[in-house]
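Work the whole structure out from these sequences, hints included.
Residue numbers (full-length UniProt numbering), protein chains in the order written: chain V, 1 to 260; chain E, 1 to 260.
Everything labelled a hint here was simulated from the structure, so no lab data went into it. Note that beta-carbon positions come from the ideal geometry of N, C-alpha and C, so glycine has one too. Possibly wrong hints are sitting among the right ones.
Keeping only pairs whose Cα atoms sit at most 30 Å apart, straight-line, the calculated DSSO-like set for lysine-lysine is [claimed, not checked]:
| id | chain 1 | residue 1 | chain 2 | residue 2 |
| --- | --- | --- | --- | --- |
| 1 | E | Lys42 | E | Lys110 |
| 2 | E | Lys237 | E | Lys211 |
| 3 | V | Lys110 | E | Lys29 |
| 4 | V | Lys42 | V | Lys185 |
| 5 | E | Lys185 | E | Lys237 |
| 6 | V | Lys42 | E | Lys50 |
| 7 | V | Lys42 | E | Lys42 |
| 8 | V | Lys50 | E | Lys42 |
| 9 | V | Lys29 | E | Lys237 |
| 10 | E | Lys218 | E | Lys110 |
| 11 | V | Lys237 | V | Lys186 |
| 12 | V | Lys29 | V | Lys259 |
| 13 | V | Lys50 | E | Lys50 |
| 14 | V | Lys29 | E | Lys42 |
| 15 | V | Lys125 | E | Lys29 |
| 16 | E | Lys237 | E | Lys29 |
A partial selection of chain E residues facing chain V, derived with a Cβ cut-off under 7 Å [stated by the list, open to error]:
| id | residue |
| --- | --- |
| 17 | Gly11 |
| 18 | Ala49 |
| 19 | Ile63 |
| 20 | Asp102 |
| 21 | Ala103 |
| 22 | Ser197 |
| 23 | Pro222 |
Protein chains: 2
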Amino acid sequence: MDNLTVIKIGGNVIDDSAALQRFLTAFAKLAGPKLLIHGGGKIATQIAAKLGVETTMVDGRRITDQAMLNVVTMVYGGLVNKQIVAKLQALDVNAIGLTGADASTVLSEKRPVKDINYGFVGDIKEVDSGQIQFFLRQELTPVFAPITYDEVGNLLNTNADTMASAIAVDMSHHNSVTLIYCFEKKGVLADPNDDSSVILELTPTLYAEYKAAGTINKGMIPKLDNAFQALQQGVSKVIICHADEVALAVEQGAGTTLKQ
Amino acid sequence: MDNLTVIKIGGNVIDDSAALQRFLTAFAKLAGPKLLIHGGGKIATQIAAKLGVETTMVDGRRITDQAMLNVVTMVYGGLVNKQIVAKLQALDVNAIGLTGADASTVLSEKRPVKDINYGFVGDIKEVDSGQIQFFLRQELTPVFAPITYDEVGNLLNTNADTMASAIAVDMSHHNSVTLIYCFEKKGVLADPNDDSSVILELTPTLYAEYKAAGTINKGMIPKLDNAFQALQQGVSKVIICHADEVALAVEQGAGTTLKQ
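Structural data, given as C-alpha cells:
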C-alpha cells in the first residue's frame, strides 16, 4: 500500500448538509486507501443548549464536563459519525465509523489541570496504526469522530485537527501519507479580506513571517502548527483547502501546500 | 473458530450503571470469541423528552420519525455504544462499537407502511457474517447498537432482539453459536409471580402450552419467537437468563435453555 489520503473536515461542512453531500461524493471518488476525520460542528452546542448543558469555550476549545462529554459522545460519536457512514455506504464506500476507543485505535490521557481545567479532554498518547492498516487492507474506510479514550474507561473529547495529524503521522510508518485539512476558505490567505489571495506554498520561514505580520490569524495557528509538526514527523504532504476542492487538491493541486 | 457466544443485553442493564458494570466484568471474562448487542434503555426516551421529541410506542415498538431517529442514533449509536466500548477496553477487551452501517455489517429495509407507519424502522435483509468473522479473527469484540442502514443512505432503528438473532443465525454458518438473551428475570417463569419458577428447558410444544395458558406474557412472545426461529435456522443453543448470571449460564447452565 503506497499512498494514503487522510482528510479532516470541520464543522462548517458538517453543519451544511448540501456541502457535506458534495464533499462525501468527491471523497467517495478519490482513488486509493483513504481515511476521514470529522469535527463536530454547531449541532453539539445546539443539542447541549436544548439539554440544559452550558457550553464554555476557552481559546476555541470546549470545556468538557461529564454532561458535555455525554453530548459530544452522542453527537460526534453517534449522530454525525453514523450519518456520514450511512451516506458513504450509499456512495459505495465501505465506511466504518470509529472513535479512538473502538479497536483501541487512538489512546489518550486526560489533559492535566494547569491554569484551566478542560475537563474530559484527551491529549493523544498513542495511535495503533497497525490496527488502522488492517482495516484499510480489508478495503474498509475508517471515519473517525474526534473522541478518544484512556485506559481506565473514560471517553475523552479530542481536537479533530490534532487527531488527524496524530493519525497521519503514525500511518506514515506504513504509507506515504497526504494529509488534507478542509476548511471554509480556499487555502491559507495572504490577505484575509481577499479570498483569491491563496498562498500556494507555505514553508516554516514564510509561516513565521505571516505570523509576525499578523496575517495568519488565531484560529489558523494551532491548525498550521499541527500541520507543520506532521510534516516534520513523516507525513509526505499537507494541503489546506476548501472542502469543495478536495478532488482538485488530490489530483492536480489546490489550496495551500505546506513544505518543509 | 468453534464456539461463538452472542449476547444481547436490554435496557434494564443499560439503565443501571452498577448492573452494567457487573455484566461487562463477567462478559470480559468469558472465554472464546464473543459478540455483544445492546438495546437502548430509557435514556433515549429521557433525552428525546428534553429535546422536545415525543415518544410514541405501539405494541412496545418505538415509532421512529426523523427527529426520533436522530435521538436513537445519538443515544444508542453514540452514548451507550461508546461508553460500553470504553468500559470493555478498560477490562482488556478489544471492543469495537458498530451499527449495521459500519463495514456494512447489517443491511435492512425500511419497514413497509401497512396499518401502522413505524417510520425509520428497519427489517433486517442481510448480515455480513464474513465481515464480522474477520473482526473476530483479529481478536476484536464487536459491540452492536440496534441501528442498521439501507442502501440509500438512511440509518434505521432496529429491534435489538431481532438483530441479535439475525446475527447469531448468520454467524452459525461459521461457528457453533450460543445466543444468550439477558433480561431482568432469572429465566422464563412458569409462574410470573414466582421468581424461582424458572423453566429450565423450553421446547416449542411447551412454549405453545404456556402461551395458550397465558403464562408467557406479551413482551416475552416476540423474544421467544425470535429465539426459536434462531434455533431452527442453525443457532446451536439459546439461553434466556438474568444479566448477573451470564457467566454461570455459559459455564454451567442457568436460566431457561430453549430446545428444538
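Query raised in the report: Straight-line Cα separation of Lys237(V) and Lys186(V) no greater than 30 Å?
Result: holds (17 Å)
Query raised in the report: If you draw a straight line from the CA of Lys29(V) to the CA of Lys237(E), is it 30 Å or shorter?
Result: violated (45 Å)
Query raised in the report: Are Ile63(E) and chain V close enough, Cβ to Cβ, to be under 7 Å, as the hint says?
Result: Ile63(E) check fails; min Cβ-Cβ to chain V is 19 Å, beyond 7 Å.
Query raised in the report: CA of Lys218(E) to CA of Lys110(E), is that 30 Å or under?
Result: Between Lys218(E) and Lys110(E) the Cα gap is close to 24 Å, so the pair holds against 30 Å.
Query raised in the report: Regarding the pair Lys237(E) and Lys29(E), is the alpha-carbon distance no greater than 30 Å?
Result: At roughly 20 Å apart (the allowed maximum being 30 Å), Lys29(E) and Lys237(E) satisfy the hint.
Query raised in the report: Keeping to a limit of 30 Å between CA atoms, is the pair of Lys42(V) and Lys50(E) held or broken?
Result: holds (18 Å)
Report task. Please work out if Lys125(V) and Lys29(E) have their alpha carbons no farther apart than 30 Å. Result -> Distance of about 27 Å is within 30 Å: holds.
Report task. Verify the proposed pairing of Lys185(E) with Lys237(E), using a straight-line Cα cut of 30 Å. Result -> holds (19 Å)
Query raised in the report: Do the alpha carbons of Lys29(V) and Lys259(V) lie within 30 Å of each other, as the hint requires?
Result: Holds, at roughly 26 Å.
**Report entry** Proposed proximity, Lys185(V) with Lys42(V) (alpha carbon, max 30 Å)
**Finding:** Holds, because 18 Å separates the two Cα atoms, which is no more than 30 Å.
Query raised in the report: Is the interface hint for Gly11(E) satisfied, with its Cβ closer than 7 Å to some Cβ of chain V?
Result: Check failed: Cβ of Gly11(E) comes no nearer than 17 Å to chain V, outside 7 Å.
Query raised in the report: For the pair supplied as a hint, Lys237(E) and Lys211(E), is the alpha-carbon distance within the 30 Å limit?
Result: holds (21 Å)
When each numbered hint is compared with the structure, violations occur for hints 9, 14, 17, 18, 19, 22, 23.
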